[in-house]
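> The residues making up each chain are set out below.
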Amino acid sequence: MVNTAVTLCGLPLENPVIPASGTFGYGYEFAQIYDINCLGTFSFKGTTLTPRYGNPTPRIAEYAGGLLNSVGLQNPGVEAVIREELPRLREVFHKPVMANVSGFSIEEYAQVCRQLDGAEQVGWLEVNISCPNVHGGGAAFGADPRTAAAVTRAVRDVTKKPVIMKLSPAAADIAAVARACQEAGADGVSLINTLPGMRIDLKRRRPLLANGTGGMSGPGIFPLAVRMVYQVYEAVDIPIVGMGGVSTAEDVLELMLAGATAVGVGAANLVEPCACRKIIQDLPAAMERYGIQQLTDIIGGAHHG
Amino acid sequence: MKQVTWTITENMPLTPDTYRLRLTGDTEAITAPGQFVNLKLSGFYLRRPISVCDWEPGAATLIYKVLGHGTAAMTHLPAGTELDVLTGLGNGYNTSLAGERPLLVGGGVGIPPLYGLARRLTAEHRQVAAVLGYNRASDIFLAEELHALGVTVRLLTADGSAGTCGLVTDGMEGVNYTHLYTCGPEAMLHAVWQRCRTDGQFSFEERMGCGFGACMGCTCRTKYGHKRICKDGPVLRREEIVW
Numbered sequence: 001m002v003n004t005a006v007t008l009c010g011l012p013l014e015n016p017v018i019p020a021s022g023t024f025g026y027g028y029e030f031a032q033i034y035d036i037n038c039l040g041t042f043s044f045k046g047t048t049l050t051p052r053y054g055n056p057t058p059r060i061a062e063y064a065g066g067l068l069n070s071v072g073l074q075n076p077g078v079e080a081v082i083r084e085e086l087p088r089l090r091e092v093f094h095k096p097v098m099a100n101v102s103g104f105s106i107e108e109y110a111q112v113c114r115q116l117d118g119a120e121q122v123g124w125l126e127v128n129i130s131c132p133n134v135h136g137g138g139a140a141f142g143a144d145p146r147t148a149a150a151v152t153r154a155v156r157d158v159t160k161k162p163v164i165m166k167l168s169p170a171a172a173d174i175a176a177v178a179r180a181c182q183e184a185g186a187d188g189v190s191l192i193n194t195l196p197g198m199r200i201d202l203k204r205r206r207p208l209l210a211n212g213t214g215g216m217s218g219p220g221i222f223p224l225a226v227r228m229v230y231q232v233y234e235a236v237d238i239p240i241v242g243m244g245g246v247s248t249a250e251d252v253l254e255l256m257l258a259g260a261t262a263v264g265v266g267a268a269n270l271v272e273p274c275a276c277r278k279i280i281q282d283l284p285a286a287m288e289r290y291g292i293q294q295l296t297d298i299i300g301g302a303h304h305g
Numbered sequence: 001m002k003q004v005t006w007t008i009t010e011n012m013p014l015t016p017d018t019y020r021l022r023l024t025g026d027t028e029a030i031t032a033p034g035q036f037v038n039l040k041l042s043g044f045y046l047r048r049p050i051s052v053c054d055w056e057p058g059a060a061t062l063i064y065k066v067l068g069h070g071t072a073a074m075t076h077l078p079a080g081t082e083l084d085v086l087t088g089l090g091n092g093y094n095t096s097l098a099g100e101r102p103l104l105v106g107g108g109v110g111i112p113p114l115y116g117l118a119r120r121l122t123a124e125h126r127q128v129a130a131v132l133g134y135n136r137a138s139d140i141f142l143a144e145e146l147h148a149l150g151v152t153v154r155l156l157t158a159d160g161s162a163g164t165c166g167l168v169t170d171g172m173e174g175v176n177y178t179h180l181y182t183c184g185p186e187a188m189l190h191a192v193w194q195r196c197r198t199d200g201q202f203s204f205e206e207r208m209g210c211g212f213g214a215c216m217g218c219t220c221r222t223k224y225g226h227k228r229i230c231k232d233g234p235v236l237r238r239e240e241i242v243w
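Chains A and B, in that order, give the protein sequences.
The first sequence begins at 1 in this note's numbering and counts up by one.
The second sequence begins at 1 in this note's numbering and counts up by one.
In isolation and in its complexed conformation, chain B is listed as follows (with noise of 0.2 Å):
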């Protein structure tokens, strides 16, 4: 963990509901897709938790949907603006258990966090393959971005506007994966987890009050204890998740 100053460069949306922010400074402290970042909004007493969707030395891309008072302030942050942000907080995703095939299973704002695993995935020369499911097309982002980055995508939506009608698990019939990543609703991660046939690795969310391990307010049980989605998450592994 680190404590940063970063300096917005964009903060556009991407969909009516859900914005793409680009920011510059400082990220040696993300060592692993699947961080977040813990950021400091004036008027607000806590910082917001945002997943990493991408970086590389000096900058990094979020992807945030709006969902409260926090977030709907941000998109009204103008480039220029800095913001103290916390970085490279949480565990991350593993890339070295991937195999040949892994696939990525997203749902939603659960989709930034794998665009930067597919990143490494695929400079790692892994076949990646991901199914995305949104509630309808006006929703869909990222998913060209990770088709361009050779990923075979799966599109799905609840409603049929785009894509297969339907949800993620459907998405991943007769898909041959070595291992699974995904990030997403927690109804979705578990009906994912009961049909997962691999080893895999699950991102959860919670509200949390420091982001680094402090305060035990985003505690879960897992089969190897109590464990902090914040700290010892938000990755979990699969066999160690309790519902």
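Pulled out of the complex, with its shape left as it was, chain A reads as follows (with noise of 0.2 Å):
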């Protein structure tokens, strides 16, 4: 019998697979067609201070190698996340759930954070620095190592759980924000976040998506984030969620070997509503064909010798 346990930051999955935020909203819709609590958790739909309702549509392009969305940030805000989704979750799923978070301000992530904390549902803060989506907002912060330290600093100060920073692809050296965020007290790091990304529509003679740019994602950015996971696994000693278009069980233990403790997985969620269950039935399968007897030994494997 293999072993697809890992422990994230201090709290054990079952398995590492995490459905990513934004694509599996606060898992209600999810039950509904299979029982989610085979999932390692979930991060659930990033949530800011206030309630948002996003860019406008059409909001949704497609690629060769998978998506572009330009959601921006819809959700109804903390207070409603608690008060409303986080119940309705509580019926269905009976683990901790990762917390996705994103902001405006240092302050606005903060407060956010603290909100958070007194949810005993909660396991992990995912700290969105990396929405491409928003302005003055996400990616703003990620972009370079000094503000990613800044919120990093003001999220660790008002929680206890595990935080872990979301990173951004767009950043021009990834294993530098990495490292600043470890360095400011971060319990790890995810990584990578949508890719930003543009269609034109040839009859319009314009940007498919009303928001001009959204963020790719799907198989046509998996080597990417191999390639960041990889990087960053280099630069840093704290564990790393790896996604980025990940769609079958092979393309997790890539991720892992590329230095992830756990793996994230989003479009494939849109277009195979039974993506997660199917990749964690084939896990174990998987790991037989490549003699992987625990997933924990072949963490960062890629890297020895």
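Only true hints are included.
In silico lysine-lysine, DSBU-like type, Cα no more than 35 Å apart, as pairs:
hint	chain 1	residue 1	chain 2	residue 2
1	A	LYS203	B	LYS40
2	B	LYS65	B	LYS2
3	B	LYS2	A	LYS95
4	B	LYS65	B	LYS223
Label-pair ranges, simulated between beta-carbon atoms:
hint	chain 1	residue 1	chain 2	residue 2	range
5	A	TYR290	B	GLY80	35 to 45 Å
6	B	GLU239	A	LYS203	30 to 40 Å
7	B	THR81	A	GLU14	34 to 44 Å
8	A	CYS38	B	GLY58	26 to 36 Å
9	A	MET198	B	GLY43	17 to 27 Å
10	A	ARG83	B	LEU14	47 to 57 Å
Please keep in mind that the hints were generated in silico from the structure rather than gathered at the bench.
Every residue, glycine too, gets a C-beta built ideally from N, C-alpha and C.
Using the hints, put the two chains back together into the complex; each one sits in its own frame.
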């Protein structure tokens, strides 16, 4: 029998598979399709201090390797999440959940995290300093090691829960940003968020997305994710949640060999609602195929020798 | 929602750019006219949302217009092809609000879901009228089939090449109806909304990511807050729509 269990920032995961924020809502739609308790955990929809509508539509475009989205952090705000979404989630998901947090100022990040710190169901805080679809927030904080460290410190001060900083592939030096987060007290990092892209409608001769640009996700960014997880693993000692275009159990193994302790699955959920369940079901056979007894044995395995 | 495999039994053009797809498979999850399905196509990452024209146990009919690469590729799918389908998506139309004389207003590729609706409304012994708008005579489809159900059909074309020359709003003039059901391009929906004198149900279209409420890709504003076209729609009540 192979062992798929891992430990992420001190909390055990039955397996390393984590639906990524923004592709899984607050879990409810998927819980109607399959028992989501098979997941390691999941990262819920990016939550801000106040409710947000997000960007105008169209918010979705396609490319050969996946999709682009410019949703823009639509969410009901942290109070509604704590009051309505978490109690509803409790009925269908019995493990600690990862709370994804976004903000437009350092104080806002801290305030949202402070409120979620009191939520018993929340196991980890994933702090998104890499959303490409909002102005004056998100990726602006993750582009530079100093601002990334400032957000990390502010969040670290208000919570005892593990803090995982979510990083942008658009940063000039993602390893430097990751190192700055570690030095500022982060318990982990997650990467990569989506990569800014654009499609143009030939008929209208205008960008297809109403927002102009959108974040690319899907299998087309998987090699970028592998490379960046590999680089960040060499730069930090804290655990990495690797993600970006993961679609199969083999992709999970590959990102773990690059250095990931756990693996996020994003776009795949949107085209295959049961993608994560299938990956989890396929994982033991894939491990046996590659002679892996314990998943923890292969974390960062591609770096040795 | 249910993930099923459907097999194509027919894929034939009704007009130069509008095709009818007949399929067999599990249709159990479809519970109301106006719902849609999301089709996985080989070579495309995202699924393609297509409204259900009609269904019965074990079989469904979809009518689609060639608008982009995905729908263009669909025209080449031969009978016998198996499709991975998410079925029973969206809320669909509520027939219980129809009253005695419901009016259906459809424009172009918005007409297909009105057929399944008309079949159920006529089965409920309501007097159904339909105003159908097309660009030109060669675009006309489903008008005869609706007539055959016993629906009083008013047909209009924008260029006057068939029926009355004009828009669907011209065709609504003088019709005495108890409830309005509509589907079509957004500009048409807005014009119909302004002209509508009763309660009504409006079916919207939007580019979608997942089609089942997870990604927030197709959100719109309503009087009752943000709604997802794919999950809380595609049908919205007249009074909640914010233009």
